[in-house]
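**Student:** Residue numbers (my numbering), protein chains in the order written: chain P, 1 to 164; chain R, 1 to 164.
Just so you know, these hints were derived from the structure itself, not from any lab.
Yeah, the Cβ is synthetic: ideal placement off N, Cα and C, and Gly gets one too.
There's no promise every hint is true.
As the list claims (entries may be wrong) - Facing chain P, from chain R, some residues (calculated, C-beta under 8 Å):
| hint | residue |
| --- | --- |
| 1 | Arg91 |
| 2 | Pro92 |
| 3 | Pro142 |
| 4 | Ser145 |
To be verified - Only part of the chain P face toward chain R is listed, based on derived beta-carbon distances under 7 Å:
| hint | residue |
| --- | --- |
| 5 | Ala41 |
| 6 | Glu47 |
| 7 | Ser89 |
| 8 | Leu124 |
| 9 | Pro128 |
What the hints assert, rightly or not - Cβ-Cβ distance ranges computed for the label pairs, FRET-style:
| hint | chain 1 | residue 1 | chain 2 | residue 2 | range |
| --- | --- | --- | --- | --- | --- |
| 10 | P | Arg131 | R | Arg73 | 33 to 43 Å |
| 11 | P | Arg131 | R | Glu8 | 27 to 37 Å |
| 12 | R | Glu39 | P | Met149 | 24 to 34 Å |
| 13 | P | Ala60 | R | Glu132 | 13 to 23 Å |
| 14 | R | Ser89 | P | Asp63 | 27 to 37 Å |
| 15 | R | Leu134 | P | Gly104 | 37 to 47 Å |
| 16 | R | Glu157 | P | Asp63 | 24 to 34 Å |
| 17 | P | Ala59 | R | Arg131 | 43 to 53 Å |
| 18 | P | Ala77 | R | Pro79 | 49 to 59 Å |
| 19 | P | Ala77 | R | His151 | 19 to 29 Å |
| 20 | P | Pro62 | R | Glu21 | 30 to 40 Å |
| 21 | R | Pro22 | P | Glu157 | 44 to 54 Å |
| 22 | R | Leu134 | P | Pro22 | 13 to 23 Å |
Protein chains: 2
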Amino acid sequence: MSATIALEPIGVVRSARDDPEPDRWGGPATIELCDRFGEDALLGIEEFSHAEIVYYFHAASPDTITYGARHPRDNRAWPRIGIFAQRGSSRPNLIGCTIVKIAGREGRALHVRDLDAIDGTPVLDIKPVMREFLPHNPVRQPAWSHDVMAHYWDVPETPDKEAS
Amino acid sequence: MSATIALEPIGVVRSARDDPEPDRWGGPATIELCDRFGEDALLGIEEFSHAEIVYYFHAASPDTITYGARHPRDNRAWPRIGIFAQRGSSRPNLIGCTIVKIAGREGRALHVRDLDAIDGTPVLDIKPVMREFLPHNPVRQPAWSHDVMAHYWDVPETPDKEAS
Chain P
1 MSATIALEPI GVVRSARDDP EPDRWGGPAT IELCDRFGED ALLGIEEFSH AEIVYYFHAA
61 SPDTITYGAR HPRDNRAWPR IGIFAQRGSS RPNLIGCTIV KIAGREGRAL HVRDLDAIDG
121 TPVLDIKPVM REFLPHNPVR QPAWSHDVMA HYWDVPETPD KEAS
Chain R
1 MSATIALEPI GVVRSARDDP EPDRWGGPAT IELCDRFGED ALLGIEEFSH AEIVYYFHAA
61 SPDTITYGAR HPRDNRAWPR IGIFAQRGSS RPNLIGCTIV KIAGREGRAL HVRDLDAIDG
121 TPVLDIKPVM REFLPHNPVR QPAWSHDVMA HYWDVPETPD KEAS
């Protein structure tokens, strides 16, 4: 139960965003698969509208990881919440999981929108979104979570640099 | 981009299921957090109806991992599809991500339904499901994916053993 699990990135995020500011993730990004994969690793993904991206918050400092509870974004206007009841990046194992819109594919590159990961982020997995894997009944969530997400998917006005 | 990432399980799955047969995952399961976490790591999760569980397919053999394309479930009735365009377990990094229904919490134990992981599976992360992280527009997927999922969430009739 406590044995270390060693993973190798399968790709990397290329994006105009290189600041981890916690809002305005609604822009474009590209995931480039590592050289050891062929183009056929993505064969057929364009038949799906969405994919789930599993990635590693490589820029987070291990010193800031929360193992218990904290106020989301350290904002005391919101209640103190367990790290596994919020989605902040400073969490054990530093794993992010986000559903993105698939915008196209070119060889080993997958173009997406709505990926909340900065340029250079290591990608651990890509999975297609099937309706059967979405919630089977209505989603209930507390009010603070809607407040946290109010501007999360806004489109950035001035990218830091051109996407590569 | 190719540096190894070392992760530690945050908990383990307790379930009546210990066979990896690929259907009938609609039963109950429990995630027990490791001893190094306090109960406050799950504080407030009961205000959410669903959680996303990130786990490790520990029972899969590394020899069977697909890095290119394959027929889902090795069934030639379905097209050959890239490993990142399907959700089979024999994939690079052996990561599973599933949205479950939260059934309750007792201390460091989270009771859930619809977790497609066998007894003893190491858990890497737990995240609450927020509507803002679900697809923002209609989901499109190919016909074969509906066929694969036809009996995935059926409830097992005869559990192998009692859940611990």
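**Student:** Decide, hint by hint, whether the structure agrees.
**Tutor:** Status of the hints after comparison with the structure:
1. Arg91: This interface hint holds because 7 Å falls under the 8 Å limit.
2. Pro92: holds (5 Å)
3. Pro142: Status holds, d = 4 Å.
4. Ser145: Constraint on serine 145/R satisfied, holds at 5 Å.
5. Ala41: holds (5 Å)
6. Glu47: For glutamate 47/P, the interface hint holds, since the closest Cβ of chain R sits about 4 Å away, which is under 7 Å.
7. Ser89: Not OK, violated: serine 89/P not within 7 Å of chain R, min 11 Å.
8. Leu124: At about 5 Å, which falls below the 7 Å cut-off, the nearest Cβ of chain R leaves the hint on leucine 124/P intact, so it holds.
9. Pro128: Cβ of proline 128/P sits 5 Å from chain R, so the hint holds.
10. Arg131/P - Arg73/R: 33 to 43 Å: violated (19 Å)
11. Arg131/P - Glu8/R: 27 to 37 Å: holds (33 Å)
12. Glu39/R - Met149/P: 24 to 34 Å: For glutamate 39/R and methionine 149/P the Cβ distance comes to about 26 Å; the hint holds.
13. Ala60/P - Glu132/R: 13 to 23 Å: Since the Cβ atoms of alanine 60/P and glutamate 132/R sit about 21 Å apart, the hinted range of 13 to 23 Å holds.
14. Ser89/R - Asp63/P: 27 to 37 Å: holds (34 Å)
15. Leu134/R - Gly104/P: 37 to 47 Å: For glycine 104/P against leucine 134/R, whose Cβ atoms are near 22 Å apart, the range 37 to 47 Å is violated.
16. Glu157/R - Asp63/P: 24 to 34 Å: violated (50 Å)
17. Ala59/P - Arg131/R: 43 to 53 Å: The hint (43 to 53 Å, Cβ to Cβ) is violated, given that alanine 59/P and arginine 131/R are roughly 27 Å apart.
18. Ala77/P - Pro79/R: 49 to 59 Å: Holds, at about 51 Å.
19. Ala77/P - His151/R: 19 to 29 Å: Since the Cβ atoms of alanine 77/P and histidine 151/R sit about 46 Å apart, the hinted range of 19 to 29 Å is violated.
20. Pro62/P - Glu21/R: 30 to 40 Å: At 39 Å between Cβs, range holds.
21. Pro22/R - Glu157/P: 44 to 54 Å: holds (46 Å)
22. Leu134/R - Pro22/P: 13 to 23 Å: holds (19 Å)
Hints 7, 10, 15, 16, 17 and 19 from the list above are not met by this structure, while the remaining hints are.
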